[in-house]
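Whole structure, please, built from the sequences with the hints as guidance.
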Amino acid sequence: MTPRRGTRVGPDAVRFSFDGRTLHGQVGDTAASALLAAGVRRVGRSVKYRRLRGVMTAGPEEPNALFTVGTAPAVIPNVPAPQLELREGMVLRSQNRWPSLEFDVASLLQAGGGFFGAGFYYKTFIWPSWRTYESLIRSLAGLGEAPGACNIGPVAVEHLGCDVLVAGGGAAGLAAARAATRAGARVVLCERDPVCGGELEFEGGTVDGRAGGAWAETVVAELRAAGARVLTGTTLVGGSGGEMIAHAEPGGLAGANAVYKISPRAFVIAMGAVERPIAFVDNDLPGVMLLGAAERYLARYGARAGRDVVLFASHDRVYASAARLAAGGMRVRAIVDARQPDEIGAADLRDALGRDGTECLAGHAVLAASGGRAVSGARIAPLAAPRQARTVPCDAILVSGGWTPALHAGVQEGGARLYDPRSGGFVAGEQPEWRLLAGAANGQFELGPALADGVAAGMRAARIAGRQPLTDPPPDGRGDAAPRGRAFWRSPASSAEEKRQFVDPQNDVTVADLRASLAEGFVDIEHVKRYTALGFGTDQGRIGGLLGAAVLAEIRGRPLEDVGTSRLRPPFHPVSMRSLAGWRVGAALRPARRTPLHDWHVEHGAVLESMGLWMRPRFYRANGDDAFAAGIAEARRVRDSGGIADGSTLGKIEVAGPDAAAFLDRLYLSKASSIRVGRSKYMVNLREDGMVLDDGIVLRLAPDRYIATTSSGHGPHMLSHFEHYRDTDWSGRAVTVTDVTEAWAAIVVAGPRSRDALRGVLGAEWEASLARLRHMDFATGRFGGRELTVLRASFSGELAFELHCRPAIARPLWEALVAAGLPPYGLEALDILRVEKGYLTTAEINGQTTPFDLGMEGLVGLGNDCIGRGLLERPAFREASRPGLVGLRAADGKARFLAGAQLTDRAAGSRPLGYVTSSVYSPACREWIGLALVPRSHAAAGALLLARDPLREGDVEVRVTPAVHFDPGAERMKS
Amino acid sequence: MTRAAVSSGFTLEPQTAGRTLEFAAFGFPLGGAFVVGWPAAPGAVRYEADDQPALLHFAPARWLVPQPHPDIEALLQAAVDAGAGIVVDVEGKWQPLLLRGPGAKRVLATAVDIESALHERACAALTLFDCPSIVAACAGGYSLWVRASYAADFIAAVERLGA
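Protein sequence lines, in the order shown, are assigned to chains A and B.
Position 613 (the first sequence) corresponds to 613 in this note's numbering; numbering is contiguous.
In this note's numbering, each residue carries its 1-based index in the second sequence increased by 975.
Note that these hints are calculated values from the structure, not bench results.
Check the hints yourself; a few may be wrong.
As the list claims (entries may be wrong) - Here are some, though not all, of the chain A residues that point toward chain B, as calculated from beta-carbon distances under 7 Å:
(1) Glu-158
(2) Arg-806
(3) Ala-907
(4) Ser-910
To be verified - Sample of chain A residues at the chain B side, in silico, Cβ under 10 Å:
(5) Trp-583
(6) Asp-727
(7) Thr-738
(8) Glu-742
Built from N, CA and C at the ideal position, the CB exists for glycine as well.
Structure representation (structure tokens):
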């Protein structure tokens, strides 16, 4: 909502509550402006010392006035009051106090005269243990309370491409956006405030002869008419790799948030500058406010920071500000300028102010704010004679230590910063060509030069984006003169008083804390930050970062440019976790892949399990609600008669072309070229380092055409593996790789009755094919008018077939098989069947096992020169300490042991030798069986080990067996 | 799969998936006499008279043929005969969808910078809402082909935007 400007008139319209007290504000007010207008000066307590605090700024960098909004459990904590647009019925609560803001028990900790400085807790609460006190201290720490429920709605995410992104809609940003737009560039402009204009609206300047605010409105209208996106209420919070992230929280409160991911060809940073505080004793009392903030509250909201104010600064612009505040009805009692008389300009303004009763003091400083619970006076003294202090009564001290360019977006990714003596802060150093700075962010604090800087940046950005900029002259801007200041960081204070000179009010970091940090040996600014918390929190160091660094430099006797400031990191402004999640919430967290039989599984009571991204039936409720019992029943049925399983999740890659055979020879441990057409082979891939990557069956469809199946979870990875070698080592060769996973549904038919059932379902035309199929043969034909491939292969140890069909006929084929007496089985049964046979899954092919480890010496012995072959020959892979795949059974034939249990020998205190990779209860063996990886030195059949599983099963004595637990001669499979 | 009609300025309609082919070339760019009539440039699309995409160059050296017409099949066969590549029948791999309406672009912009993705090209292979997809501009919106196993979640993700 566009805020009301000027003086407060008309009836108060918006009712809200603050700490249970009903108050009224006006349409367009922020929480901060409404409270100021209502005379509420104390709005919170500090996080550590629980000192009373007031509104200090007019922007998102507000360190003190952070509110909890709403009622439990769906509260939103740490909302900066200057950004929070007032709404009817809004419930606001101050933070860091109990039981009330006016009386806080924890604030008694500061009674007795001394604060607990940085490191106090860690150095004090050490007996008998930090843990003894941790709970209490942590309950007192932290900003606000975490919400118990989320009431933030869906977040709108939008990816935007543009020629030029302009961050900041002040004078320079608008000038840049207009210059780029006039050059034909596609422009996106982000402005954190609800309206563009920045300082124009209260500085009283003119642009091209018009009031600054009116000029800004005209430019915005021109931009929008030309198709530019002007995103107000939207803050650029960071970026990475050329993609910039902007975040919008309408009204300053998480609710209908929006996230913009913007990929510009050129980027203009015109985010202005942040006004700096000055450290003096009790400079955190309610009533101490930044001068620019006071001006903004007066000009935009008609809210006064105080009636009688003292201004404390070290630049010329303070005099223009004083004149505007006086014109707005505030009595400026004194202007305290830390500079010497010969450094001060603005003589006319000073004279005029003096005539109106304002005391202008050069070479002076505010030594301290007076008052117990809010400012009641300013203790002022000449810098040359601090003892000659006197107190000027006032209810607000408005401070301006200069401005720090807001560089964050320019240096978050590591851009250089250079010390700028003019501003006393840092400006951006060398930047990539596509990233430009303009206006105050570039160290231009005067309106005219800032506008010219903006135009130049906009034209250059347009040129970078391939546009031809016009040669318009820059707008004629007339406003406040250049600040012409000298950096002044803190007033003189005694050692004891330094405990109350705050450099970072949000974290209660004082000058004394900086001294303590140095005394402890934390000298580097990054170390100081972590020792004291300087620059932590929601303001991300925008208030105290540079001030803290400057005081540190003074204490160390080093130039500020040598000390530097801590690294600026994204986000520039707090972003709710909900916004970071974007559209990936709930079921959309990650996609689920479904097979063509998914609906059938759901309709028939399948309990689904996510495997990789695939949704797969774990078991069917027809066999009971208990997965363990249902799995056993389904597995037993497969062994006794037969069953079907959905194997559509297997990865399937079609490799084709004259060079296909040679290509696959390179990718697999055994040769694909030796597979005859119509035959298939179990094959294994290696990584480059010789470890097993995956396994599967490769079918040769034609001399130049294969289908390679992969394990379900490895499908996408194996496709990338194939494509990588296709596009690198095999680039230009006559071979193609095509993912056909979804093009073929797969139904596994297993069990003694499987062949007979298939005969009945597929009909007479398949009779001969089914009769002649030997293990690993396949036949092709049609079913229901569509292609069907029947492969005789088994991962259950039973007579089994894989039916690969087009998805369109998967369901009718499946239903026909069910009708033929083959019930479905799920992953639980699948696991039982494969462990009984000693077959491998990702539990054993885990990226750390070689073919030797997994008992595949025979495949290695074939001698194929494949990827990984060279490193597979390392002698270390043959050592006895390498793991070997073995079977396990409980020594007593009864006990249960689970996958993950560590295996040791039976001596007490033994170190783990290996671990159980898989375990199931086997209905065929009538006991718990498992697979394990143990050193070959311990892999002899009959060896006794302990399966140690202290959190689940305790210790179980197990006996090493061959990996194949059932039908070792594979008679059933060959039947 | 049901029709997903959404009120926020767009509709998403699943289409019937028929026979679908992919042509993968051994090398790129294509050379030889057979290339006449091919959308050879990256991202190029050959449209049929009804403005439907018929041959999409969706990825390097890879083309999608959503519903092979005889003339397109003839083109493919000529390419195969010239030894330029391989045709693979991928029926069932892709779920075709039509996304139409004034809000269609905004839907895709939630997942990707669609304007840049289709800058100076008519189609692109993209990951939309974490689902592998092919997008082609068409009259009134976009033709989409989403990997069939992801299609239900893709539709759900789009429906959530319209809720």
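Item to check | Violations among the numbered hints, reported as their numbers in ascending order | outcome: Those not satisfied are hints 3, 4.
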